[in-house]
Amino acid sequence: MRNKKIVDYAKFGYLFSIPFILSFCIFTLYPVIYTFVIGFTNLKGAGNTEWQFLPSVGKNLFQNFIDVLTSKTFHKAFRNTWIIWIINFIPQLGFALLFTAWFTDKRTKVKGTGLFKILFYMPNIITAATMAILFNKLFGYPKGAINDIIILLNPAKGAYNFNAHEWPVKLIIAFVQFFQWYGNTMVYLIAGVIGISPEVFEAAEIDGANRVQTFFKITIPCIRQIMLFTLVTSLIGGLNMFDIPQLYIGTDANNAGLTTNMYIRNQAFSGSYMYNRSAAASVILFIIIVALSSILFYILRDKDEAKLKKLKKQELRAAKKGF
Amino acid sequence: MSDNTVKMSSIRRNEIILKVVIYIVSIIFSIMTLFPFVIMFANSFKSTVEVQQSTLALWSAHPFANLAKNWHVINSKDFHPFTGLLNSFIISTCSTILNVYFSSLTAYAITAYEWKLRDAFSGMIIAVMMIPTTVTTIGFYQMVYKLGLTNNLSMLIIPSIAAPMTVFFMRQYLQANLAMEIVQSARIDGAGEFRIFNQIVVPLMKPAIATQAIFAYVGSWNNLFMPLILLTDKTKKTLPVMVSLLNGDIYKTEYGAIYLGLFITVLPLIVVYAFLSKYIVEGVALGGVKS
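Taken in order, these protein sequences are the chains called A and B.
For the first sequence, the working numbering assigns the number 468 to the initial residue and increments by one for each residue that follows.
For the second sequence, the working numbering assigns the number 26 to the initial residue and increments by one for each residue that follows.
So here's chain A without its partners, still in its complex pose (with noise of 0.2 Å):
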């Protein structure tokens, strides 16, 4: 009887998920797939939608994933798209870590964290697109902020062109990248201190354990989940920037700021209309993405859900031998 009136509310279930359901298959599922046939086709030119395989038009099957992966230009954008992450992340996380330390210490009680916060956090939600178009400015030559500074300071000195040298262009798109996270990383991890038991922290102190150890013994332990929930969706971030550079320096100063998602849609969209070329690129985007996010998921998995899933999997199992 009981189990009858599941079975009908079960259609609900399926009810409710439609519209979710039909706007992901022609939303994305149907986009990727035909993104991945793309790969392997002779798509090219503006508002062509005529395509064969490649092997009908006599060509390698996999020739768009070759030309992608001995492409120079591609090899420069994997890489700047990995070193800009690295130098963003690493300050990130590192002053993230710093304030929240700071800022959760009961021993010293800081006044005016709320208030820091909510600086810490507003680049965040400041359009990308207009950071990176200001610090463009901001890094002007000769004219700029920076520069005025700089000449300020010391007059013989003469302003220096950021944007013409490869290095300064990468390090100024990760501080932009950096600017408008590292609030966000430090919110959540702070969340993270504060969800950790006092008791745990009086018992540090009570053992004579310093701030120090406190932090390292204890509290970094308590929020490894957090951290490295913030790496994933990082790394997917970083892995996927487009605006920022995009817009900062666009594939001047010798594609020192060009990254893969840069690269991809200057494959399709910016003349050249290699719709082929561009598929074949985010597919292998695609993978690597995949690829790493399984990779840290795993880690990041919670082992006690898992288990606890199982022993209901068993016991469910044990009650239906049992009828």
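Hints are supplied without guarantee of correctness; some may be wrong.
Said to hold, decoys possible - Covered stretches of chain B (in silico footprint by chain A; criterion: 3 or more residues with CB under 8 Å from a CB of chain A, positions within the stretch not fixed):
#1 79 to 90
#2 168 to 180
#3 235 to 247
#4 277 to 289
In case anyone wonders, no lab produced these hints; they're calculated from the structure.
We treat Cβ as the ideally placed atom computed from N, Cα and C, and that holds for glycine.
Given chain A's structure and the hints, the job is docking chain B onto it.
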């Protein structure tokens, strides 16, 4: 005894030094955060000549005359603030409503009902969070192009019905806060399942909906990648797409106007943030902690 006093006072001194260091570093970071925005604000009121003299000066000789002139320069070219604002507003508002409503519905379907493919479905939602927009780009563009809808705002709105990230958070919230007894008693009173969702579950989810709505709104407002590819018609461009014009050659020497253009795009966000910052920061914190 005196040894102990010395030790205590040295600890006390260290505390004070640490506190001073914390305040100094925090204030430096606060200045670093505000500096770009202050420069942007100050330079919106300057003429090209004044900007060329110094971008650091915080005051202009004729601020309002310059502001009016910069405003005029912006509007005389491809950057139309009101068109951009309106388009961004339409897209963000509609997609936020679709996003939070259907995400709540999907999360409710996963939490409240027992159905065969439920676990597979909720597993799939986590998996598809990883799909980068890039890999959908070519297929999505070709589809929209074939349908002749490239400059149609709805193509940036309707896809937000399927927002896996929001579903994920809504599910977390429902699992912690939904008491099935309430649903059961509504059923006994004869309410239909859809009505129960709209009249009982949605009000119950208000805090989660508010938080997720803010993020969906900001995310949609700031989105550049897809609109940049789809929107080619001048009258359809969103603010971030228009902002990208400020870096082009057409505004090259109009320094004051560029800063004003940037300022216009930031203003709505800063106003919203001024009122909602507390909730936004709390919302981020909520999202991070596993319930």
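So, going through the hints one by one against the coordinates:
{"no.": "1", "hint": "79 to 90", "verdict": "holds (count 3)"}
{"no.": "2", "hint": "168 to 180", "verdict": "holds (count 3)"}
{"no.": "3", "hint": "235 to 247", "verdict": "holds (count 3)"}
{"no.": "4", "hint": "277 to 289", "verdict": "holds (count 4)"}
Checked against the numbered hints listed earlier, the structure breaks none of them; every hint is satisfied.
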